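Sequences listed follow chains A and Y, in order.
In this text, residue positions in the first sequence follow this note's numbering: the first is 1, and each later residue adds one.
In this text, residue positions in the second sequence follow this note's numbering: the first is 80, and each later residue adds one.
Just so you know, these hints were derived from the structure itself, not from any lab.
Take the hints with a grain of salt, since some may be wrong.
Cross-link-like lysine-lysine pairs, in silico, BS3-like; alpha carbons within 25 Å at most [to be verified]:
no., chain 1, residue 1, chain 2, residue 2
1, A, Lys-3, A, Lys-29
2, A, Lys-29, Y, Lys-108
3, Y, Lys-108, Y, Lys-82
4, A, Lys-29, A, Lys-77
5, Y, Lys-108, A, Lys-3
6, Y, Lys-132, A, Lys-53
7, A, Lys-53, A, Lys-77
8, Y, Lys-156, Y, Lys-132
9, Y, Lys-82, A, Lys-29
10, Y, Lys-82, Y, Lys-132
Derived contacts from chain Y toward chain A, CB cut-off under 10 Å, selection only [as the list claims (entries may be wrong)]:
no., residue
11, Val-94
12, Phe-99
13, Lys-108
14, Val-109
15, Ile-139
Everything numeric in this text was worked out from a predicted model, so none of it was measured.
By construction, the Cβ of each residue, glycine as well, lies at the ideal position given by its N, Cα and C atoms.
Number of protein chains: 2
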Amino acid sequence: MSKAVYYHAGCAICVEGERFVLQFLDTTKVDLEIVHLGTDRNRIEEAEQAGVKSVPALVIDGGVYHINFGASMEDVKQG
Amino acid sequence: MSKAVYYHAGCAICVEGERFVLQFLDTTKVDLEIVHLGTDRNRIEEAEQAGVKSVPALVIDGGVYHINFGASMEDVKQG
Numbered sequence: 001m002s003k004a005v006y007y008h009a010g011c012a013i014c015v016e017g018e019r020f021v022l023q024f025l026d027t028t029k030v031d032l033e034i035v036h037l038g039t040d041r042n043r044i045e046e047a048e049q050a051g052v053k054s055v056p057a058l059v060i061d062g063g064v065y066h067i068n069f070g071a072s073m074e075d076v077k078q079g
Numbered sequence: 080m081s082k083a084v085y086y087h088a089g090c091a092i093c094v095e096g097e098r099f100v101l102q103f104l105d106t107t108k109v110d111l112e113i114v115h116l117g118t119d120r121n122r123i124e125e126a127e128q129a130g131v132k133s134v135p136a137l138v139i140d141g142g143v144y145h146i147n148f149g150a151s152m153e154d155v156k157q158g
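Next comes chain A alone, as it looks inside the complex:
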């Protein structure tokens, strides 16, 4: 089972991306965790270390997939 983390910050594009990961990810292969960096601010450093440059982003097995572009991590940190 792969571990996937979907990092978002509550923006409209993030919500759209969340719909995508919830609907279409193969949950027999992926154990999905959703992290809202706007509220879970202590996860920001972990996201950056995983290579997340903007949200929404999906990290699976060390690979980072930025989906569309909602906000940069700099914006998230200032927000």
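Chain Y: place on chain A using the hints.
This is chain Y only, laid out in the frame that chain A set:
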């Protein structure tokens, strides 16, 4: 069954994104087609009309998900 089209242009980021869609999309829900716009150039217009701004991108049920950023559609058209 949802219809998904993954548009790419053969770039390194496109190939990485293709691994993602092939590995983790739920194929019980999504019928996936892979389109290489570098070779299938007659599909470029269709991709643009679907809202694809850059490749790689995944179009599912009219929603466009740009995954990372490989090349703009302008680059694809010139390439």
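Taking the hints in turn, this is what the structure says about them:
1. Taking the CA atoms of A/Lys-3 and A/Lys-29, the gap is near 9 Å; set against the 25 Å cutoff, the hint holds.
2. For the suggested pair A/Lys-29 and Y/Lys-108, the alpha carbons sit about 14 Å apart, so the restraint of at most 25 Å is met.
3. Note on Y/Lys-108 and Y/Lys-82: the hinted pairing holds, with a Cα-Cα distance of about 9 Å set against a maximum of 25 Å.
4. A C-alpha spacing of about 32 Å is found between A/Lys-29 and A/Lys-77, which places the hinted pair above 25 Å, so the restraint is violated.
5. With a C-alpha separation of about 20 Å, the suggested pair Y/Lys-108 and A/Lys-3 falls inside the 25 Å cut-off, and the hint holds.
6. About 19 Å separates the Cα atoms of Y/Lys-132 and A/Lys-53, which keeps this hinted pair within 25 Å; it holds.
7. Taken as a hint, the A/Lys-53 and A/Lys-77 pair is honoured in the structure, with Cα atoms around 12 Å apart against an allowance of 25 Å.
8. Proximity of Y/Lys-156 to Y/Lys-132 is assessed by CA-CA distance (about 12 Å); at most 25 Å being required, the pair is judged to hold.
9. A distance of roughly 20 Å separates the Cα atoms of Y/Lys-82 and A/Lys-29; the hinted pair therefore holds under the 25 Å criterion.
10. Distance check on the hinted pair: Y/Lys-82 and Y/Lys-132 sit about 19 Å apart at the alpha-carbon level, within 25 Å; holds.
11. Restraint check, Y/Val-94 versus chain A: the minimum CB separation of about 12 Å is more than 10 Å; hint violated.
12. A hinted interface residue such as Y/Phe-99 counts as satisfied when its beta carbon comes closer than 10 Å to some beta carbon of chain A; here the least separation is about 6 Å, so the hint holds.
13. For Y/Lys-108, the interface hint holds, since its Cβ comes within 10 Å of a Cβ in chain A; the closest pair sits about 6 Å apart.
14. Residue-level restraint check for Y/Val-109 holds (minimum Cβ-Cβ distance to chain A is 6 Å; threshold 10 Å).
15. The interface hint given for Y/Ile-139 is met, as the beta carbon of that residue sits about 6 Å from the closest beta carbon of chain A, less than 10 Å.
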